[in-house]
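*Asks:* Working from the sequences, and respecting the hints, build out all of it.
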Amino acid sequence: MENLINELKLKVIDALNLDGMTPEDIDDNAPLFGDEGLGLDSIDVLELIVLLEKNYGIRLASPAQGKEVFKSIAVMADYIAKNRTK
Amino acid sequence: MTKVYCIGCGLVTPVGNAPSEVLSAVRAGKSAFRLYDGWPEPYYASLLDREGFEGPSFFDHIALQAARTAVQEAGIDASGARVGLVLSTIKGNIEKIDTDDVSLAAAAETLAQGLGVKTKPVVVSNACISGLAALLQGVRMIRSGAYDHIIVVGAEVQSRFIVTGFQSLKALSLNPCKPFDADRDGLNVGEAAAAMVLSAHPVPFDPHPVSENYFSGRDPKNQFPETSTEPALQGDPKNQFSETSTEPALQGDPKNQFPETSTKPALQGDPKNQFPETSTKPAPVIPSEASVSPWEIVDGAVRNDANHISGPSRTGEGSYNALRYVLEGVSAEELAFVNVHGTATRYNDQMEAIALNRAGLQEVPVNALKGIFGHTMGAAGILESIVSMKACDAGVVLPTQGFSQMGVEPAVNVSAQERKTDKKAFVKLLSGFGGVNGALLFRKGGAR
Amino acid sequence: MKQVSIPSGASLTELYRKWVGDYPKFFKMDTLSKLGFLLTEMLVRDEPDRFTFREDRAVLVFSREGCVANDRHYAESMKDFPSPALFVYTLPNIVSGEISIRNKWGGESSDYVLASYDEARIWDLVRQAFQDKCTQSALVAWIDCTSDNEWVTNAWLVDKTEML
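Protein chains in written order, with my numbering: chain A, 568 to 653; chain B, 6 to 453; chain C, 823 to 986.
Derived from the structure by calculation, the hints contain no laboratory data.
All C-beta atoms in this analysis are idealised placements derived from N, C-alpha and C, irrespective of residue type, glycine included.
It is possible that some hints are incorrect.
[Unchecked claim] With a straight-line cut-off of 20 Å between C-alpha atoms, the simulated SDA-like cross-links for lysine to any residue are:
1) B/123 x C/943
2) C/847 x A/589
3) C/955 x B/333
4) C/955 x B/334
5) C/847 x A/585
6) B/175 x A/636
7) A/638 x A/603
8) C/901 x B/43
9) C/926 x B/319
10) A/621 x B/172
11) B/101 x B/43
[Said to hold, decoys possible] Every beta carbon over 12 Å from chain C, so not counted as near; a handful from chain B, in silico:
12) 39
13) 178
14) 338
15) 368
*Replies:* The following block contains the structure:
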């Protein structure tokens, strides 16, 4: 899980162009959206949906479902571990 | 300030090309939507029939066809030194990005050559409000004093590029879209071309009053080679229209439905009949009621939300500011309707409802045409304005296909069914990515 | 009239760090938007009352190629996993949207495509844009970006009085 979390942080930083950030800058449990944490927006949600499909073979039905899955890096990693197809 | 009139229109749509035919489709709720195979996801769209089309670019083809029809109706010489061209499109020939020059500049050059326009064209590419912004640009060019007529052309064809993009944004509905409805779940893409000739001269313009000179230097056969020879673009109506949607009540006497367009067959018929080659004189232009008292584009505005590149403002800021600008000194009572953007995405329609309420337009009938044409992008502003003018001429507020239950808060006065109106002014509203919003005020010449 | 440009191939990240530094959304933008964003910063960074909503300034952006550089990136992504973040920049007017958002400019924003760089033509169109009674000044830019390291730019901040 530790490895998956680190790998995921790197992929998120790359996919969302979070300049200058390193995995250490992202708290596993901090919210990804809203004013706290990374402050991601609606297009970032959509890009994370692509990230899940491209890297882990997971297809989310809707951006609404994404809001649940993308609560934090830890929640995301847990979801991936349980649902990945590749 | 110079008044600017619309003196010619041209349409290419999946439900017909003659304005009367298109208007009757909208009134009857007939569309050409169907499910198409995608890449790989399927998509629901209103597309033009390309069967039988052979040529380098379908986009160039439909843009030229709509433009020629408008120029023909206006009776202007497109090659005049004071005739300008404005093109509105979002992605033009994007489907050929791997092989060709897909710049919008190249598309505009091709269109200018096809029309014989001698002045340099300009493309206005303001996302989904492009058509409206292009009309406003045309108005401004005439008011600058440098032009007598501006041909404004909007066109869009759909492609893997656009469809997969909207799919990645989860913006498309797999069902017929439902503008302003409680169950709306996204937009449908559409294809169309639409053109208007704007002019400082309110009556059909005859640049060569001596009729013998009318065709001097020009071969009439070359002028209108396409409008009369392309049934393929209109397709088989039986295939396009679902049988369940024919409503006899709306298909009454054509004379009552289209009091104006139906009395001027000369403007819609076969160009060969209009300008018989055997005659040395062109058939006289019979001024219709519409052309004697043409529509005027009073003014327009483009405003930015300054909020987000893809999400509409939660306060309807830009849309409200654009409305406020065009409605200065105009009473809501004067408006027959507001023809809104109404894409049927959750956020767009909600945003428009807020803007309309803030502008004090909550009682004015509101309609959206995306349930018939889909989102025709660069063509939308011009297509929807033309259909709105024709509806007003026919004395009706068009229905909003797809709407049944109020799905915005605060509510607006959505026109679910056709209504009668004797008012002679309306507002066209659009919004788009990049935070852009636009409003145009149309008024029948002499109505005020 | 103030005028600035950015040499083709310059490091936009370096310019961002020099002139701005606190707007991480910059890194999400396509090259066209980054150019428009930086050109604007260079023109207005010393203006008083920055970031107060105003409706009296237009953003008018001109080019030949529009957003073709980013279009190619999206077309590449579309072959396997279409990228929504790339798709939103496949519109030539996103650059003017980014400028409007950054500066809270709620006035007109318009994007024009011309066959070639033609200053006389640009100023004709700018003069026409001033027909909007609300518009008192305009950020005007020619940004022709053919790839992520090739472009031609020129940007001006003009007052209505300079256009009469």
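*Asks:* Please go over all the hints and tell whether each is borne out by the structure.
*Replies:* Hint by hint, here is what the structure shows:
no.: 1; hint: B/123 x C/943; result: holds (15 Å)
no.: 2; hint: C/847 x A/589; result: holds (17 Å)
no.: 3; hint: C/955 x B/333; result: holds (11 Å)
no.: 4; hint: C/955 x B/334; result: holds (14 Å)
no.: 5; hint: C/847 x A/585; result: holds (8 Å)
no.: 6; hint: B/175 x A/636; result: holds (17 Å)
no.: 7; hint: A/638 x A/603; result: holds (12 Å)
no.: 8; hint: C/901 x B/43; result: holds (12 Å)
no.: 9; hint: C/926 x B/319; result: holds (15 Å)
no.: 10; hint: A/621 x B/172; result: holds (15 Å)
no.: 11; hint: B/101 x B/43; result: holds (17 Å)
no.: 12; hint: 39; result: holds (23 Å)
no.: 13; hint: 178; result: holds (17 Å)
no.: 14; hint: 338; result: holds (24 Å)
no.: 15; hint: 368; result: holds (26 Å)
The structure agrees with every numbered hint stated previously.
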